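Q: Work out the full structure, taking the sequences as your base and the hints as a guide.
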Amino acid sequence: MLTVPLAHYLILSALLFAIGLTGVLLRRNAIVLFMCVELMLNAVNLTFVAFSRAWGDHTGHIFAFMVIAVAAAEAGIGLALIVNVFRHRRSLNVDELTLLKN
Amino acid sequence: MTAEQFFFYVFGAGMLAGALGVVGARNPVNGALSLVTSFFFLAGLYVLLNAHFMAVLQILVYAGAIVVLFLFVLMLLNLGDDEHGKGKISLTKLAGVGTGAAVMVTLMGAFTGMRDAGLTRGTELSADFGSIEVVGRVLLSRYVLPFEMVSVLLLTGIVGAVVVAKRRL
Amino acid sequence: MQTGLLGLIAFFPLLGALVNGLTGGRLPKPLSGGVATLSMVASFVLSIAATWLLVSTGADDGHGHVSYTPLLWEGWTWMAAGSLDLSFSFAFDTLTAVMALVITGVGLLIHVFSIGYMHEDEGFGRYFAYLNLFVFAMLCLVLGDSLPVLFLGWEGVGVASYLLIGFWYQENANADAAKKAFIVNRIGDAALLLGMFTLYWLTGGLEFSHLNGWLGSLSATDVVSEGSPTGLGWVLTLAAVLIFIGCTGKSAQLPLFTWLPDAMAGPTPVSALIHAATMVTAGVYLIARLSGLFALAPYASLLVAVVGTGTALFAATIAVTQNDIKKVLAYSTVSQLGFMFAAVGSGAFFAGVFHLMTHAFFKALLFLGSGAVIHGLQGEQDIRRMGGLRKSMPLTALTFLVGCLAIAGVPPLSGFFSKDEILWFVLSNTSVTGLVGGWVNWLLWASLLVTAALTAFYMFRLYFVVFEGESRVDADVQAHIHREPLSMALPLVVLAGLAVVGGFAGVPHLLGGPLPVWWLDLHGWLHSAVGHGEALYASQFGGDGLAWLSLGAALVSAAIGIVLARTWYGSASEAPAAFAAKLGKLYTGSLNKWYVDELYEATIGRAYRLKALVLHRFVDEFAIDLAGVGGTAWGVRFLGTVVRQFQNGDVQRYAVMTVLGLGVIVYLLV
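Chains as they are written, first to last, in the numbering used here: chain A, 1 to 102; chain B, 1 to 169; chain C, 1 to 670.
Keep in mind that a hint or two might mislead.
What the hints assert, rightly or not - If the Cβ cut is set under 7 Å, some of the chain C residues that face chain B in the computed set are: (1) VAL659; (2) LEU660; (3) VAL670.
What the hints assert, rightly or not - Residues of chain B placed beyond 12 Å of chain C at every Cβ, according to the derived structure: (4) PHE6; (5) VAL36; (6) HIS52; (7) THR92; (8) PHE111; (9) GLY136.
The hints are simulated quantities; they were obtained by calculation from the structure and are not laboratory data. Computed from a predicted structure; not experimentally measured. Note that CB positions come from ideal geometry on N, CA and C, so glycine has one too.
A: So, in C-alpha cells, the structure goes:
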C-alpha cells in the first residue's frame with residue numbers, strides 16, 4: 001500500500017513551503033502576500049496528513065482540520081483589514097504601508 | 001511504477017505548478033485562480049493518503065470558501081495589475097529568500113536520508129481509515145474541546161470581520 | 001621624667017583657637033582678645049614651669065658640663081604600620097626650652113600688642129583664633145620628639161601663616177601673597193619629606209632619640225674614609241641636603257625666599273610673630289635639632305653655610321633701597337636668618353640659636369614699632385611720606401632706636417654678642433678649611449662683615465628717615481596722629497628691655513664670659529642638646545688674636561654703617577639721591593629686588609603654565625571631552641542608527657528576519 005515513501009511527501013511539502021515563503025518575501029501586493037501565506041499553511045497541512053497516514057493515527061487529521069478552521073477565520077479578518085487599509089490609503093503596496101517606520 | 005506513484009507525481013507537479021503560479025502571477029485574480037488549482041491537486045494528494053474527509057474538507061472550505069472570499073475582495077477593490085518592475089528588490093529580501101532556500105534544501109536532504117521503517121509502526125490501516133465516520137468519532141470524543149473552541153473562534157472571526165470592515169460603526 | 005605638663009603647654013593655645021574659631025569670631029572683642037591672651041599666659045607660665053623642672057634634673061656629666069635630662073610626655077599612638085610605630089609625644093630638652101620660652105613669651109607680648117592694633121578690625125575674633133592656632137602648631141614643632149610630629153607642626157605653621165597673611169583676603173594681592181607663601185613652602189616641604197624618608201630608610205626610626213642614638217654609634221671611619229665620604233657618608237649628606245632645602249623654604253633662604261617680602265601683606269603683628277621671631281626660625285631649629293646629622297655631613301654643612309651667607313648678603317643689598325618700612329624689615333629678616341644658617345652650617349649650633357633668640361627680641365621689637373607707626377598714620381607704609389615722628393611718638397621712636405642699635409651690633413646690646421659669635425665661628429671653622437681651604441673661611445667672614453655694615457646702614461637709614469628730620473606726612477594724616485595706646489606701648493618696652501640685656505646670656509670667653517649663673521650661660525645650657533654635634537666640629541683654629549680681629553672688624557663695620565646713614569639721612573641731604581643716580585642700573589636693580597620674582601616667572605612659572613595649557617588642550621578638551629564623552633555619545637547614536645533599521649514598518653523585512661532565525665534553528669537541529 002505505501003509505495004510512496006513518507007519522505008517524498010515531506011519533500012513535496014517542504015518545496016511548497018519554500019515557494020510560499022518566497023512569495024511572502026518578494027510580492028508587494030498585500031492580498032497576494034496573503035495567498036502565499038495560505039500556501040505555507042497548506043504545506044503544513046500536507047505534512048500533518050502524511051504523518052497521520054504513516055502512523056495510522058487520526059491526530060494529524062484533526063490538526064489539519066483545526067488549521068483549516070483557523071485559516072478560514074484568519075482569512076476573514078485579514079481581508080476585512082485589507083479592505084479597510086485600502087479605503088484609507090488607496091494602495092496595497094506593502095512597501096508603502098510603513099507607518100511604523102522609525 | 002504503481003498507480004499510486006504515478007498519481008503522486010502528477011498531483012505533486014500540479015500542485016507545485018499552481019503554487020508557482022500564485023507567486024509569479026501579475027494579475028492577482030490570476031493568482032487566485034492558480035491557488036484554486038493548487039488546492040485541487042492537493043486534495044488529490046489527500047485522497048492518495050487515505051484522508052478522504054480531509055480532501056473533501058479541503059475543497060469545500062479552502063477552495064470553495066476561502067479562495068472565493070479572496071476573489072470577492074479582489075473584485076471589490078478592483079485592483080489593477082501588480083507592477084513587478086517598479087522598485088528594486090532589496091538586498092535583505094533576497095537574503096531572506098536565499099536563506100529560505102537553504103533551509104529547504106537542508107530539510108530535504110534530511111528527509112531523504114530518513115528511514116521509513118521506524119515511522120510506520122508496522123500497522124495496517126483499517127479499511128475505513130480517514131473516513132468521515134471515524135474522523136468524526138475521534139473529533140467528537142478525544143478532541144471535543146478544541147472542536148468547541150474552534151467554533152468560538154469562528155464566531156469571533158465573524159464578528160471581527162464585520163466590525164473591521166464596516167464603513168460606519 | 002614623664003609629665004603631662006608638656007601636653008598642657010601646647011593645649012592652651014589650641015583651646016584658645018577653638019574657642020575663638022568655633023564661635024565664628026563673633027565673641028565680643030574684650031572676651032575674644034582676653035581668651036586668646038590668657039591662653040598665651042597659661043602657656044608661658046607652663047613653659048617656665050617646665051624649664052624649672054628641667055633645671056632640677058641637672059647633673060654634672062663629668063666633662064665639665066651640666067647635662068639635663070629631657071622631660072617626656074607619651075601622648076598616644078599615631079601611626080603603627082609595618083615596622084613603623086610612631087606615637088604623638090613631646091619631649092622637652094634644653095633646646096626646646098629656649099624655643100618654647102621665646103615662642104610663648106614673645107607671642108604673649110604680640111598678643112597684647114594685637115589687642116590694640118586690631119582694635120577696629122571686624123575680623124578680630126578670627127584673627128586671634130588664627131594666632132592661637134599658629135602658636136599651637138609652632139609649639140608642636142618644637143616640642144615634638146620625632147620628625148613626623150615636627151612636620152605636623154611645620155605644616156601647621158604654614159597653614160596658619162597662609163591664613164594670617166591673607167587675613168584681609170578681600171584684596172586680591174593679599175590672597176595671592178598668602179598662596180605664594182604656602183606654595184613656595186610646599187616645595188621645600190617636599191624635599192623635607194624626602195629627607196625624612198631617607199633617614200627612616202637608613203635608621204629604621206624617626207624619633208630624635210632614636211636618630212641621635214643611631215648617629216652617635218657611628219664611628220668616624222663609617223662616614224669618611226681616606227679623605228672622602230663613604231657610601232654611608234654620601235647618604236647622610238643627601239638626607240642633610242634634602243632637609244636643608246626644606247629649611248630654605250620655611251626660613252626664606254635662597255632660592256625659596258621670595259614669599260617673605262610678599263608676606264608683609266598681613267597685619268604687622270603677624271609679621272612680627274611669624275615672620276621674624278618664630279616660624280621662619282623653624283628651619284634653624286630643625287638643623288640644630290639634627291646637629292648630629294649635619295656634623296657627620298660636612299659637605300652639607302658647607303652648603304648650609306654658603307647659602308646662608310649668600311642669602312644674608314643678597315637680601316641686605318635689596319634692603320638698602322626699599323621704601324616700604326615693612327619691606328626693609330622683611331629683607332632684614334631674610335638677611336639675619338642667613339646669619340643663623342651660616343652659624344649652624346659652621347658647626348656653631350649654639351651661636352645660631354643664640355642669634356635666633358636675640359633676633360626674636362629685636363626684630364619683633366622693630367616690627368611692632370613699625371606697626372605702631374603704621375597704626376598711628378592710619379595705614380601709611382611708605383617711608384617717603386614719614387619723618388619727624390619722634391615728636392608725635394616718642395616712645396616708639398626710642399624703642400625703635402634700641403632695636404636698630406641691637407641689630408646693628410652695637411655693644412653691649414644683644415645683637416652685638418650673637419653676631420660676634422657667628423662671625424668668629426665662621427672665620428675659624430676647621431671643617432670648612434679642611435674641605436675646601438682656608439680662603440673660603442675668609443670669604444664667608446668678609447661677606448658677613450659687609451652684610452653687617454649694610455645692615456647697620458639700612459636700619460639707621462630707616463630710623464632717620466622715619467623718626468628724624470622734617471615731617472613729610474600728608475596733612476590730613478598728620479591731623480590724626482595719636483600716640484600709641486598702652487596695649488601697644490607695653491610690649492614695645494618689654495622687648496626693648498630684652499633686646500638690651502638678652503645678649504648677656506652669651507658673653508664670649510674673650511670678654512670674660514660665660515657668666516657663672518646658669519641662666520646667663522646659654523652655651524652651657526644648650527650643651528645637652530647640641531653639644532654632641534658641636535664636638536664633632538672639634539676645633540677652631542687661630543687663637544685669641546684672630547678672635548679680637550673678628551670682634552674689632554665687627555665693630556668697625558657697624559660704625560661705618562651707622563655713620564654713613566647719619567651723614568646721608570640725619571639731615572636733609574642730596575647725597576643719597578646723587579649716589580643712587582651714580583649707581584644707575586645697580587640702584588634700580590636693587591630697588592626691584594634684583595628681579596628674582598620675574599626670573600622665576602619667566603622660567604618656572606612659564607614652564608608650568610605651558611604644561612598646564614598642554615594638559616588642558618590635549619587631555620581635558622580633546623581626550624576627555626571630545627573623544628571620551630563625545631565619542632561615547634557618538635557610538636551610542638551610531639548603534640542606534642544601525643539597530644533602527646530593524647524597525648522600519650516593512651512587514652516583509654520582518655518576515656526576512658524570521659526566516660533567518662528559522663535558518664539558524666534548522667542548522668542547529670539538523
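Q: Confirm or reject each hint.
A: Against the structure, the hints come out as follows:
no.	hint	in the structure
1	VAL659	5 Å, holds
2	LEU660	5 Å, holds
3	VAL670	5 Å, holds
4	PHE6	31 Å, holds
5	VAL36	24 Å, holds
6	HIS52	33 Å, holds
7	THR92	5 Å, violated
8	PHE111	10 Å, violated
9	GLY136	35 Å, holds
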